[in-house]
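Colleague: What follows is each chain in one-letter form.
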Amino acid sequence: MNIIVCIKQVPETTEVRINPETNTLMREGVKSIINPFDMYAIEEAVRLKERFGGKVSIVTMGPPQADSALREAISIGADEGYLVCDRAFAGSDTWATSYTLAGAIKKMGSFDLIICGKQASDGDTAQVGPGISTHLDIPQVTYVKKVEEATDKHMRVERMLEEGYEIIETPLPALLTVVKEINEPRIPSLKGLMRAKSAKIVILTQKELALDPQQIGLCGSPTQVVKIFTPQPRAGGQMLSGEVSDIAKKLVDLIKDEVI
Amino acid sequence: MDYLLTEEQKMIKDLAHKIAEEKIRPVAAKYDISEEYPWDVLKVMAESDMFGLFIPEEYGGFANSVMNLCLATEEFSRACGGIAVCYAASALGTFPIVLFGTDEQKKKYLPDLAKGKKVAAFAITEPEAGSDASGIKTVAKKEGNHYVLNGLKHFITNGGDAETYVVIAMTDKTKGARGASAFIVEKGTPGFTFGKKEDKFGIRASSTRELIFTDCKIPAENLLAKEGMGFIVTMRTFDMSRPGVAAQALGIAQGALELAVKYVRERVQFGKPISTFQGIQWMLADMATEVEAARGLVYSTARMVDAGVKDVSKESAMAKMYASDVAMKVTVDALQLFGGYGYMKDYPIEKYVRDAKITQIYEGTNQVQRGIIALKLIKEMAK
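Protein sequence lines, in the order shown, are assigned to chains A and B. For the first sequence, the numbering used here begins at 611 and goes up steadily by one. For the second sequence, the numbering used here begins at 100 and goes up steadily by one.
Looking at chain B on its own, in the form it has when it is part of the complex (with noise of 0.2 Å):
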């Protein structure tokens, strides 16, 4: 389907799609073993400006953007998620400074985002406040011209190898989810350090760690917004980086359909190649079709957020929620198509089904997604 990209969207897709092809593909087996950080191929990533495609100009950035990202997004997830998400991961945790940093915060932080120098994480969740983000336990407190952190926050994607990490921590308990603020950290603070590192089920070239704050003292223009913006801060950037995930998800869709279609084509069974069958040709025609209505949604998405759509927190939650069970369903449909071979590690196949689950989980479980579309559409109509 022709979706009509401008000819620096597309520009953009193919520079993506080669560094996929690339640098990407052929490292993806050996880092879902090692569960090493993929510099390398984030260096390449820096190097061709991709870091550079949700940040504005003036920032050292080349737009900002959430279709670019989506873009860039979809062809990393083609080849890898893991890989993926380190990239996409990193926009999460830039998302709330291009919001709502003040001038001085964006100087200071956007530019080496932008370039790739450094790379970023957004921490919210804890191990009492997943879904339930207001039962956050990570407390704030004012001390002169310093924020004191004291708390943990888990499952942090880029946890550990990230600079910058956005981190929202309660200042004012009494008031429940208005108690809450952004705060801009950075690795190396006396006071913050790492706890242990998760051993996934997919996605494992991303690193995933806990953050342990212990009278850990930040300076009080780290701030980001006001205090008690925390929770609109979270949802700003879940808004804008929700299109991204499903991209993500859509990837890795498209990725399995690609690498499923290939392999019937090559696979003879009864003297013919297995394409041939009409079962088989019906599955890929329920595949592709689910994966192309997956990418109508979220471009349509990424385009709203890019025209300042003020409130698109129903699209988004549709996109992620409906990308991510494309993913699943094809990712394992796929899979099936290999049969016993596809079972196996030694073909890519398997490594698409363990990656796509998390895009059903992260970013909010698809439950909650189905929560906030459900809200959404019983207050239009109670207008």
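Only chain A is shown next, with the shape it has when bound in the complex (with noise of 0.2 Å):
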């Protein structure tokens, strides 16, 4: 089985600083690391490989620092890394780096699978996977929670919903994202981290892909940012006292003034 992963190079703080002029997220000084739910789609990976032979491609759009997001993907059992990156890439939304992507993964070859985390921890968007799988024409499973049957044709997977969850079987080739329930991501091998050391990662840039100039970075993006800003914390609540039966009452002459 072929399977390509999609990871997301991220800021390891929760709390990023956005540049106010450009609205854009300011990197430096803060440690990269691979987005944390990408982290179980690497581990479900090689964990399929294990079991059906095959793969496990790794790929991700970023500087050329991301180049070690895919090292550290090696490290814990894939095969190869390619780095999608182009200044003609930059500024993408997540349309753009979708079709950026899909357009990666249509030059790497044939595969079975992909997969990706449910969503990237400082954009939090959820929208790159899903829009992969429009670009590419597949079918999508979102929020997997578990595989529990794969062949090299077909695959049924739990579907985690906010009460339980669903079965849903699909055809392969296909896209998954998945959540953090599906597995516990491996710690790195020395044997893997020496050969992350050495492993070859391949740069794809808009002149290999030759896409869509119109459909890529900035121009390509449909999303503008206008503002980004903190909101304003809530104003606190109001306690009320008395009796169970005049607070009742209170609470809903207040709800009648305040809101309907």
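It is possible that some hints are incorrect.
With a cut-off of at most 27 Å between alpha-carbon atoms, the simulated DSS-like pairs for lysine-lysine come out as follows [claimed, not checked]:
1) A:807 to B:361
2) B:142 to A:801
3) A:659 to B:216
4) A:807 to B:117
5) B:117 to A:659
6) A:665 to B:142
7) B:371 to B:361
8) A:807 to B:475
9) B:142 to A:807
10) A:665 to B:214
11) A:810 to B:117
12) A:641 to A:801
13) B:117 to A:790
14) A:755 to A:665
15) B:206 to A:801
16) B:112 to A:807
17) A:810 to B:112
18) B:413 to B:475
19) A:641 to B:109
Calculated from the model, a selection of chain A residues having no Cβ within reach of chain B, i.e. all distances over 12 Å [said to hold, decoys possible]:
20) 701
21) 732
22) 755
23) 783
24) 789
25) 799
26) 801
27) 802
28) 819
Derived by calculation from the structure, the hints in this document are not laboratory data. Computed from a predicted structure; not experimentally measured. Backbone N, C-alpha and C fix where the C-beta goes; we use that ideal spot for every residue, glycine too.
Both chains are given apart, each in its own frame, so use the hints to dock them into the complex.
Modeller: Written as structure tokens, this is what we have:
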């Protein structure tokens, strides 16, 4: 089974600073890590490879330093890494990113399965995975918490819902996005780290991918960030006291006055 | 302080650090209470190739390096001295085979130990033979192609959980220390059973048991080195393993220091974090300096061993003695900085005091270490 895992390098801290002029992330001085949800995607891919054979290829779009994220993925069992890197891709929103990654995946060759984390910890959009499947015109199953059954032709998975889960069967190739309940990512081995250190990372630029210039980077991005701000904290609540029946009456009055 | 570690050594240290923080620290208190053997953590160490750090590549390991062992043991011990010793004790049981095994013995035992499929243990101590190893009563009698072992070992770390044991027994009682020999004994050999498991003050995640040999017949090819070399095997093994014990002590001290620094920055008294008080600061400064001095001694000794320096008895003894004395002092001071909270089991620091104590005792008490050091000094002067 040939599996492609799409990962994103994100700042480690959850307190991301925003450049107030450009409204983009300020990455300086913040340690970069693999998006935590993507770690589950990598682990699941490696487990499937260990069961069925094949290979796990990792792809990420980002600046040259995203190379380290690909090597980390290789240290925990992935076979190869592709870095989609070009100034032409800078400023991509989720639509342009998924278009570009889909283009890279077509270039990477045949695959049976694509796995993504359910969302990135910095943007929290959960749109790139589904976007890739749309661009590649393959089925997608989001929020997968368990792979129940898999062959080279189809897959049956449990998909997490807010209350309970549903079981979905899909033909392959397909795209899954996974939640943290699916597995526990492994710690790298020394041999894996050694392999990762010397692994060759393939760099894919716009020259190799030859994508539609109108659909990539900032100009291919329909989303325009107008303003980013921290919402004002909510004002403190009002405490009601007295007998329960009085409180209930006061509460009903307050609700009537305020909202309805 | 920068110890100018190689890329590979940094990789080992970082990986061990990750294992310690993600897999050891969260379960340290649990195993301290339950006294169960931490197989789940050892499995992670095994999958990360940690058991191969002290075994040569040709036998499935990573490199035979005491420095590697020290870096990993130090990091593990920062999080839990008990879990760390399960690992380090396997190195202790493995070294005699690495040092004295024939090619066949190495091929038979080392690959499984390197992959962590099996854990090893070293057995010399007996109820009446602690620091005075010449008091060993366990005997090995040659009968045809076998040796027959009879006797009792006690206080054996990894006893019962290890699969591969190196056991010191007397093959010729009349020769005293020169009558001891070393044997590889596998768990499950008829006549080899386990006695009581000790209820310990510290390092409670590790198992400490009696080994009982009752007409235990082992193949003659399980003799390590030659008959009569048991004490040489032991001394050479301890020269290799003492830096590991020193690294365990160092890690315990470092872990306690880190917890203490974190705590004094958070603890507010008289309207200020107690880290702003000079009395506290001076304690921290002494603790940190002593830990760093211990690290210098441990790493230097480990590097000497790896470089093949023949006689490292004095330096090994110094590293073990000094690092464990520092561990004891620093953990007690760290508990003091936690004040009343430090005395409570709800806080992690009291465990460090309990875990530190054994490092002054095992693999030769610190009094024995001082004896080794002094004797060397006097001999050197007499040359």
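Colleague: Confirm or reject each hint.
Modeller: Structure-based check of each hint:
Pair hint residue 807 of chain A plus residue 361 of chain B does not hold up; C-alpha atoms about 34 Å apart against a cutoff of 27 Å. Only pairs whose Cα atoms come within 27 Å are accepted, and residue 142 of chain B paired with residue 801 of chain A is accepted, the gap being roughly 16 Å. Restraint check for residue 659 of chain A and residue 216 of chain B: satisfied, since their Cα atoms lie roughly 23 Å apart, inside the 27 Å limit. This hinted pair checks out: residue 807 of chain A and residue 117 of chain B have alpha carbons roughly 18 Å apart, not beyond 27 Å.
A hinted pair counts as satisfied when its Cα atoms are at most 27 Å apart, and residue 117 of chain B with residue 659 of chain A qualifies at roughly 25 Å. Pair hint residue 665 of chain A plus residue 142 of chain B holds up; C-alpha atoms about 25 Å apart against a cutoff of 27 Å. A C-alpha spacing of about 15 Å is found between residue 371 of chain B and residue 361 of chain B, which places the hinted pair at or below 27 Å, so the restraint holds. Straight-line distance between C-alpha atoms of residue 807 of chain A and residue 475 of chain B comes to about 44 Å, which puts the hinted pair past the 27 Å bound.
The suggested pairing of residue 142 of chain B with residue 807 of chain A holds, with an alpha-carbon distance near 24 Å, which does not exceed 27 Å. Of the supplied pair hints, the one linking residue 665 of chain A and residue 214 of chain B holds, its CA atoms being roughly 24 Å apart against a limit of 27 Å. Between the alpha carbons of residue 810 of chain A and residue 117 of chain B the distance comes to roughly 25 Å, so the proposed pair stays at or under 27 Å and holds. At most 27 Å may separate the alpha-carbon atoms for a hinted pair to count; residue 641 of chain A and residue 801 of chain A meet this at roughly 24 Å.
Straight-line distance between C-alpha atoms of residue 117 of chain B and residue 790 of chain A comes to about 19 Å, which keeps the hinted pair within the 27 Å bound. For the hint pairing residue 755 of chain A with residue 665 of chain A, the CA-to-CA distance comes to about 22 Å; that is within 27 Å, so the pair holds. Straight-line distance between C-alpha atoms of residue 206 of chain B and residue 801 of chain A comes to about 21 Å, which keeps the hinted pair within the 27 Å bound. Straight-line distance between C-alpha atoms of residue 112 of chain B and residue 807 of chain A comes to about 16 Å, which keeps the hinted pair within the 27 Å bound.
Pair hint residue 810 of chain A plus residue 112 of chain B holds up; C-alpha atoms about 24 Å apart against a cutoff of 27 Å. Of the supplied pair hints, the one linking residue 413 of chain B and residue 475 of chain B holds, its CA atoms being roughly 6 Å apart against a limit of 27 Å. Of the supplied pair hints, the one linking residue 641 of chain A and residue 109 of chain B holds, its CA atoms being roughly 18 Å apart against a limit of 27 Å. Every C-beta of chain B lies more than 12 Å from that of residue 701 of chain A, the closest at about 34 Å, which supports listing it as non-interface.
Distance check for residue 732 of chain A against chain B: the nearest CB is about 22 Å away, which clears 12 Å, and the non-interface claim stands. Look at residue 755 of chain A: its CB is around 22 Å from the nearest CB on chain B, clear of 12 Å, so calling it non-interface holds up. Distance check on residue 783 of chain A: its Cβ is at least 30 Å (rounded) from any Cβ of chain B, clearing the 12 Å threshold; non-interface status holds. Distance check on residue 789 of chain A: its Cβ is at least 20 Å (rounded) from any Cβ of chain B, clearing the 12 Å threshold; non-interface status holds.
The Cβ of residue 799 of chain A does not lie farther than 12 Å from every Cβ of chain B; its closest approach is about 5 Å, which violates its non-interface assignment. Residue-level check failed: residue 801 of chain A sits 6 Å from the nearest beta carbon of chain B, not beyond 12 Å. With a least CB separation of 8 Å from chain B, residue 802 of chain A falls inside the 12 Å interface cut-off, contrary to its annotation. A cut-off of 12 Å between C-beta atoms confirms that residue 819 of chain A is not in contact with chain B; the least separation is 34 Å.
Checked against the numbered hints given earlier, this structure breaks hints 1, 8, 25, 26, 27; the rest are met.
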